[in-house]
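Engineer: Protein chains in written order, with our numbering: chain A, 89 to 204; chain B, 3 to 112.
Keep in mind that the hints are not guaranteed to be accurate.
Unchecked claim - Label-pair distances were calculated between CB atoms; the ranges are:
hint : chain 1 : residue 1 : chain 2 : residue 2 : range
1    : A       : K97       : B       : N65       : 31 to 37 Å
2    : B       : A31       : A       : P157      : 32 to 38 Å
3    : B       : R74       : A       : K97       : 34 to 40 Å
4    : A       : S147      : B       : A81       : 25 to 31 Å
5    : A       : L161      : B       : S30       : 34 to 40 Å
6    : B       : K44       : A       : M103      : 23 to 29 Å
7    : B       : R74       : A       : M103      : 41 to 47 Å
8    : B       : N65       : A       : I144      : 41 to 47 Å
9    : B       : S55       : A       : K106      : 44 to 50 Å
10   : B       : S55       : A       : I144      : 21 to 27 Å
Unchecked claim - Quick look at which bits of chain B chain A covers, simulated, 3 or more residues with Cβ under 8 Å:
hint : region
11   : 44–57
12   : 99–110
Unchecked claim - Calculated lysine-lysine pairs in the DSS-like style (CA-CA distance at most 30 Å, straight line):
hint : chain 1 : residue 1 : chain 2 : residue 2
13   : A       : K141      : A       : K97
14   : A       : K106      : B       : K44
15   : A       : K126      : A       : K97
16   : A       : K110      : A       : K124
17   : B       : K70       : A       : K124
18   : A       : K141      : B       : K111
19   : B       : K111      : A       : K126
20   : B       : K44       : A       : K126
21   : A       : K110      : B       : K44
Quick caveat, the hints were computed from the structure, so don't treat them as lab data.
Cβ coordinates follow ideal geometry from the N, Cα and C atoms, glycine included.
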Amino acid sequence: DTEVTQTPKHLVMGMTNKKSLKCEQHMGHRAMYWYKQKAKKPPELMFVYSYEKLSINESVPSRFSPECPNSSLLNLHLHALQPEDSALYLCASSRGGVANLGNEQFFGPGTRLTVL
Amino acid sequence: KQEVTQIPAALSVPEGENLVLNCSFTDSAIYNLQWFRQDPGKGLTSLLLIQSSQREQTSGRLNASLDKSSGRSTLYIAASQPGDSATYLCAFNAGNMLTFGGGTRLMVKP
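Given these sequences and hints, build the entire structure.
Structural biologist: So, in structure tokens, the structure goes:
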């Protein structure tokens, strides 16, 4: 299995809702990432997990809460989002942890989030 | 802060042309540079990865080069096809963080 999967593909939520995005990989990768991509812009890093521990948080608002329950799974919990949080949320993984520098990152298809 | 720039921002060519996409970066402390393809509303597909010790990588009709001293990478696409139409992103890896360029939107016309 050489792919990163993300669910759901699309999500529409109100500003008072709580929802979660899910990412899964079975390549034995030990680093997993969340990126946010606004329309016609490049992806921007949000979080990095290395060996199931949060190693990088790019000053992301607390309404986004990441979780890594095991080495194959990465979640992003969403609460009290704003309309400007509407974007494509991309998950990626790479072999080794953050100490293994320069590894290729593999991306999932993304979740298209719309906040009303 | 690392800056990654891609030129041109958009490119439209007739089918069959050879073309070059450019990527420049400001920090020479690079581990690798990755080229991606993104179709509208989709995720990123990794095309080529060039390690800092390499000068170029080839995959099919694609060839990517890296010149650390000048802070540049190019993606060469030979004999372009309509199916190559997409946004192409380069990403600089200085550790385990990717910094992306703004992308080049490529349209190959039949």
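Engineer: Now, for every hint given, state plainly whether the structure supports it.
Structural biologist: Results for each hint:
1. A/K97 <-> B/N65: 31 to 37 Å: The hinted range 31 to 37 Å holds for A/K97 and B/N65, with Cβ atoms some 33 Å apart.
2. B/A31 <-> A/P157: 32 to 38 Å: Cβ of B/A31 to Cβ of A/P157: about 34 Å, so the range 32 to 38 Å holds.
3. B/R74 <-> A/K97: 34 to 40 Å: Since the Cβ atoms of B/R74 and A/K97 sit about 36 Å apart, the hinted range of 34 to 40 Å holds.
4. A/S147 <-> B/A81: 25 to 31 Å: Roughly 44 Å apart at Cβ, these two residues miss the hinted range, so it is violated.
5. A/L161 <-> B/S30: 34 to 40 Å: holds, 37 Å
6. B/K44 <-> A/M103: 23 to 29 Å: holds, 27 Å
7. B/R74 <-> A/M103: 41 to 47 Å: holds, 44 Å
8. B/N65 <-> A/I144: 41 to 47 Å: violated, 32 Å
9. B/S55 <-> A/K106: 44 to 50 Å: holds, 47 Å
10. B/S55 <-> A/I144: 21 to 27 Å: holds, 25 Å
11. 44–57: holds (count 8)
12. 99–110: holds (count 6)
13. A/K141 <-> A/K97: OK: A/K141 and A/K97 at ~26 Å, within 30 Å.
14. A/K106 <-> B/K44: holds, 24 Å
15. A/K126 <-> A/K97: holds, 16 Å
16. A/K110 <-> A/K124: Within the cut-off at roughly 14 Å; holds.
17. B/K70 <-> A/K124: holds, 28 Å
18. A/K141 <-> B/K111: Not satisfied, since the Cα-Cα distance of roughly 47 Å exceeds 30 Å.
19. B/K111 <-> A/K126: Given that 30 Å is the threshold and the Cα spacing comes to 27 Å, the pair holds.
20. B/K44 <-> A/K126: holds, 12 Å
21. A/K110 <-> B/K44: holds, 16 Å
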